[in-house]
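Chemist: Top to bottom, those sequences are chains A and B. Read in this note's numbering, the first sequence has 193 at position 177, and its numbers run on one by one without any break. Read in this note's numbering, the second sequence has 212 at position 209, and its numbers run on one by one without any break.
Keep in mind the hints are simulated off the structure, nothing from the lab. It should be emphasised that the depicted structure is a prediction, and the values quoted were computed from it without experimental measurement. In this text, a Cβ means the ideal position worked out from N, Cα and C, and glycines have one as well. Treat the hints with care, since some could be wrong.
[Stated by the list, open to error] No farther apart than 25 Å at their CA atoms in a straight line, the calculated lysine to aspartate or glutamate pairs in the DMTMM-like style are these:
{"#": "1", "chain 1": "B", "residue 1": "K50", "chain 2": "A", "residue 2": "D141"}
{"#": "2", "chain 1": "B", "residue 1": "K50", "chain 2": "A", "residue 2": "E112"}
{"#": "3", "chain 1": "B", "residue 1": "K30", "chain 2": "A", "residue 2": "E146"}
{"#": "4", "chain 1": "B", "residue 1": "K30", "chain 2": "A", "residue 2": "E112"}
{"#": "5", "chain 1": "A", "residue 1": "K164", "chain 2": "B", "residue 2": "D34"}
{"#": "6", "chain 1": "B", "residue 1": "K360", "chain 2": "B", "residue 2": "E400"}
{"#": "7", "chain 1": "B", "residue 1": "K513", "chain 2": "B", "residue 2": "D502"}
{"#": "8", "chain 1": "A", "residue 1": "K127", "chain 2": "A", "residue 2": "E50"}
{"#": "9", "chain 1": "B", "residue 1": "K50", "chain 2": "A", "residue 2": "E68"}
[As the list claims (entries may be wrong)] Footprint (simulated), chain A over chain B, 3 or more residues, beta carbon under 8 Å:
{"#": "10", "segment": "17-26"}
{"#": "11", "segment": "49-55"}
[Stated by the list, open to error] Here are a few chain B residues that face chain A, going by a calculated C-beta distance under 7 Å:
{"#": "12", "residue": "D34"}
{"#": "13", "residue": "W38"}
{"#": "14", "residue": "I479"}
{"#": "15", "residue": "R483"}
Now for the letters of each chain:
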Amino acid sequence: VPKKKKGTPTPIVLGLIAGLILGWWIFPHVLYSEQEQPVHFSHKTHMNEDMECVDCHHYRSDGSFAGVPSVESCARSGCHDEVLTGTPAEEAFVKEYVKKGRPVDWKIYQKQPDNVYFSHIAHEDFECAECHPDVGQSEELPVYQENKITGYSRDTMKMDECERCHARRGASNGCFVCHK
Amino acid sequence: MALDRRAILKFIAGGAVGTALTPIPLKLTDDISIWTQNWPWIPNIPKGPESIRPSLVKMGATEYGIRVTSVEGNPITASGNPDHALSQGGIDPLAASCVQMLYSPSRIDSPLVRDNGAFRSVSWARAGELLGNKLSGVKGRADSVGCISGDSTGSVNEVLSAFVSAMGSDTYYFPPSDAVSQSRVWHGLMSGRGDVGYDLENADFILCLGADILESWGTLVRNQKIFARGGKEVVYAGPLQTHTAAVADRWIPVGPDALGHLGLALAYHLRATGREHTAGTSGVQELRRFLEAEYAPNAGSKASGVAQNVVRWLAEKLLLAERPVVVPGTVGGIGGSALPFFAGTALNILLGRINRKGGVRCIPRPPQILDRAHNLSDIRDRDLGRYLHGVAEGETEPPQVLLINEANPAYSLPGDLFSRARKRIPFTVSFTPFMDETAAASDLVLPVPFFLERLEDSFTPFGSGSANYSLASPVISPLRNARPAADFVLGLSRQLGLDLGTDSFRSLLKTKVRYLDADWDVLTGRGIAWTDRTTAYQSGLRVWSSSIRQMLNAARPAAERSPRLALYTEINSGTDRIAIPPFGLKTLLENELQGDTFFLRMNRHTARQHGLGQGDLVKLTTEAGTLQAKVNLDEGVMSDVVAIPTGFGRTAWDKFSRGKGGNGYELLSLEPEEGSGLSRLSAAGLRISKV
Numbered sequence: 017v018p019k020k021k022k023g024t025p026t027p028i029v030l031g032l033i034a035g036l037i038l039g040w041w042i043f044p045h046v047l048y049s050e051q052e053q054p055v056h057f058s059h060k061t062h063m064n065e066d067m068e069c070v071d072c073h074h075y076r077s078d079g080s081f082a083g084v085p086s087v088e089s090c091a092r093s094g095c096h097d098e099v100l101t102g103t104p105a106e107e108a109f110v111k112e113y114v115k116k117g118r119p120v121d122w123k124i125y126q127k128q129p130d131n132v133y134f135s136h137i138a139h140e141d142f143e144c145a146e147c148h149p150d151v152g153q154s155e156e157l158p159v160y161q162e163n164k165i166t167g168y169s170r171d172t173m174k175m176d177e178c179e180r181c182h183a184r185r186g187a188s189n190g191c192f193v194c195h196k
Numbered sequence: 004m005a006l007d008r009r010a011i012l013k014f015i016a017g018g019a020v021g022t023a024l025t026p027i028p029l030k031l032t033d034d035i036s037i038w039t040q041n042w043p044w045i046p047n048i049p050k051g052p053e054s055i056r057p058s059l060v061k062m063g064a065t066e067y068g069i070r071v072t073s074v075e076g077n078p079i080t081a082s083g084n085p086d087h088a089l090s091q092g093g094i095d096p097l098a099a100s101c102v103q104m105l106y107s108p109s110r111i112d113s114p115l116v117r118d119n120g121a122f123r124s125v126s127w128a129r130a131g132e133l134l135g136n137k138l139s140g141v142k143g144r145a146d147s148v149g150c151i152s153g154d155s156t157g158s159v160n161e162v163l164s165a166f167v168s169a170m171g172s173d174t175y176y177f178p179p180s181d182a183v184s185q186s187r188v189w190h191g192l193m194s195g196r197g198d199v200g201y202d203l204e205n206a207d208f209i210l211c212l213g214a215d216i217l218e219s220w221g222t223l224v225r226n227q228k229i230f231a232r233g234g235k236e237v238v239y240a241g242p243l244q245t246h247t248a249a250v251a252d253r254w255i256p257v258g259p260d261a262l263g264h265l266g267l268a269l270a271y272h273l274r275a276t277g278r279e280h281t282a283g284t285s286g287v288q289e290l291r292r293f294l295e296a297e298y299a300p301n302a303g304s305k306a307s308g309v310a311q312n313v314v315r316w317l318a319e320k321l322l323l324a325e326r327p328v329v330v331p332g333t334v335g336g337i338g339g340s341a342l343p344f345f346a347g348t349a350l351n352i353l354l355g356r357i358n359r360k361g362g363v364r365c366i367p368r369p370p371q372i373l374d375r376a377h378n379l380s381d382i383r384d385r386d387l388g389r390y391l392h393g394v395a396e397g398e399t400e401p402p403q404v405l406l407i408n409e410a411n412p413a414y415s416l417p418g419d420l421f422s423r424a425r426k427r428i429p430f431t432v433s434f435t436p437f438m439d440e441t442a443a444a445s446d447l448v449l450p451v452p453f454f455l456e457r458l459e460d461s462f463t464p465f466g467s468g469s470a471n472y473s474l475a476s477p478v479i480s481p482l483r484n485a486r487p488a489a490d491f492v493l494g495l496s497r498q499l500g501l502d503l504g505t506d507s508f509r510s511l512l513k514t515k516v517r518y519l520d521a522d523w524d525v526l527t528g529r530g531i532a533w534t535d536r537t538t539a540y541q542s543g544l545r546v547w548s549s550s551i552r553q554m555l556n557a558a559r560p561a562a563e564r565s566p567r568l569a570l571y572t573e574i575n576s577g578t579d580r581i582a583i584p585p586f587g588l589k590t591l592l593e594n595e596l597q598g599d600t601f602f603l604r605m606n607r608h609t610a611r612q613h614g615l616g617q618g619d620l621v622k623l624t625t626e627a628g629t630l631q632a633k634v635n636l637d638e639g640v641m642s643d644v645v646a647i648p649t650g651f652g653r654t655a656w657d658k659f660s661r662g663k664g665g666n667g668y669e670l671l672s673l674e675p676e677e678g679s680g681l682s683r684l685s686a687a688g689l690r691i692s693k694v
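All chains should be modelled from the sequences, with the hints used to inform the complete structure.
Modeler: This is the structure we're talking about:
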């Protein structure tokens, strides 16, 4: 039997390393496609000291969450009804969306599927950044990563995260709490 | 390190261990499980601002106010309207599916004209021109145009009937129903004024003489709300345990054609006690003599098939109750013979329940704005079956053009009556949102908006306890290239040089609202109905007509033991105007529909007589037609009765409702009833054979 040279990795170790590289590095890159948002948006530019997230991402009068502001609200109050700053991104936004009355097809990072009933207003005592990325001072929107198998965003909150928080805070984990 | 087989196997083993220590196994399993739920036909729930607007149900059953919830202007669901007197927050299963029907694949996209046997899409201008040319040649003739309207409460009837009058014709009908039979009896045989309404809220004893008040009769949702409040005794008399019978205090099995006999047997008992109310009523002596001769306890029991002691018990209940009321009708709400309606109404008169709290309330005639229009109350007195029978038999001159507004006579008239009459009518036009059986057989199909897409009104649906008027604005613009029938006909009138007395349907409704001293904004904004508790004064009511003998001679005696057919209606299976919606299909049990075969109901006694068991496939044959069904053994059906649900056996519509079960109406034949001006529906010669 030939003797193994000292310092040479055995095939089993090489396989192990290759498996780890595949699983931890290659697999995520293959599983998720990276997509840009259709419109460049800077949270930092639109924020001042007094503003809070709900000033733009507000609740409707019936308590439901409005989500991303509509194009109409961007054009309201004399902001983007016409080109304001003259940046190419803003010009494209005004031309393609405001003038045409076309809604922006934003890619939503954390949208729950239809079989989940989630009420934002029931969770309003939390800081937004406890569940969402803290993008309030960012110049760029994060890259949207879509799972090629499920079609869901990579940032979609999974059920175990909901359950863990519910359990920790004594909220019910009964099926019909979220699955109506 | 040599690259040999052993090394490769070791590498693979190492790779497997390495991979197992990464997220791959769990993540792939999780993602694949999610992927298996992502089917393309699963709808996405629209997200956006919600709004709620009132509307008015018009789906061929009773009419009442509902609320429609929309997301970003798109209706997503319907619920009851707590502010509407006939809804009180309730909604029936058919109305609950109205949003689904809005998007039904059987909606018609544009006007269609029959060309060499197939439909061809044409523009509205071309459709108007085509119909205008047909009508201009026959203008002024009594046989120029006729109309069948499936909407018996709306102002669209004013426009359509005014048009028919302006064309020189008076041919205008509603399809057969309990409302038509009741109206004909009340006005034609009993000299009643106004329209019959039922103050069920204030009654303490309700005898349903065939009328399935909790499923198919009258103001269905209001009736359910009244029943739910309790405090009244309800007795149901009829051939099967309908939804009313199932929750009533007592069910008295009575053959489908013996309900009139039971009513007259009860009238005998009232007479025998000498406690009947006869003031201001004519024909009392004649009725007494008739009842003495024909409905003495033994004879009455024999005719009705109900034991003497039960008839006596029921009569005593009616007499002892403080505010009793008798509600006559048919099990399926399909109208027909005058006899049960005459008997039931005579009981109410003899009990002194006319225009009394908790009794029959006589509602003044509906308002009429257009001079040339026919009053809704007058139209209800006419029998379409009898008219089409005359046309089919060559006894009545057919109209050159027949307009059919949201009615489905090709499906709901007995046997092949409509197709036989249709052969003598040169041109038929169907106004409908859906490709129903009648539209499929028409020469010109004109799509109208679904009720959620149009301005719509309703005056006092049949069975209401007082006059009421509802009005609703569209909750969404038409999703198809559709036009309201009233507006199209007004345009056609202008084309033909006819003045109907209004420029538009909206202005007609505005005038009606002003006439009633109602508030447009309250009616449409909150969906609150205008109501008026005024009653029509009655004098000279008649409880006797020599026609009764003629009707009785034609009716089959209860003693005859061959099987009888009872058509019953359950609203989740749709109406004549609306085929069973996909929501409705989901509510059917495995002993109601299995694959494409539906079930009839009979009890074990009847099944044994025919050598049948649960699930057997049988063929029903009458003089009019045949159909196949499976047997569902049900002790909620009286002996020698075969119960068949309506709403099945569709031949048009869409894949959700077409070809499921058989059409019970095809087993019926129609005979003009001597003396009443109505028609009897019978399933003469019914035979059951195992397939």
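Chemist: Each hint needs a verdict: does it hold in this structure or not?
Modeler: Hint-by-hint comparison with the structure:
no., hint, in the structure
1, K50/B with D141/A, "23 Å, holds"
2, K50/B with E112/A, "23 Å, holds"
3, K30/B with E146/A, "24 Å, holds"
4, K30/B with E112/A, "39 Å, violated"
5, K164/A with D34/B, "9 Å, holds"
6, K360/B with E400/B, "46 Å, violated"
7, K513/B with D502/B, "18 Å, holds"
8, K127/A with E50/A, "17 Å, holds"
9, K50/B with E68/A, "23 Å, holds"
10, 17-26, "holds (count 10)"
11, 49-55, "holds (count 3)"
12, D34, "4 Å, holds"
13, W38, "5 Å, holds"
14, I479, "19 Å, violated"
15, R483, "24 Å, violated"
Going through the hint list in order, the structure does not satisfy hints 4, 6, 14 and 15.
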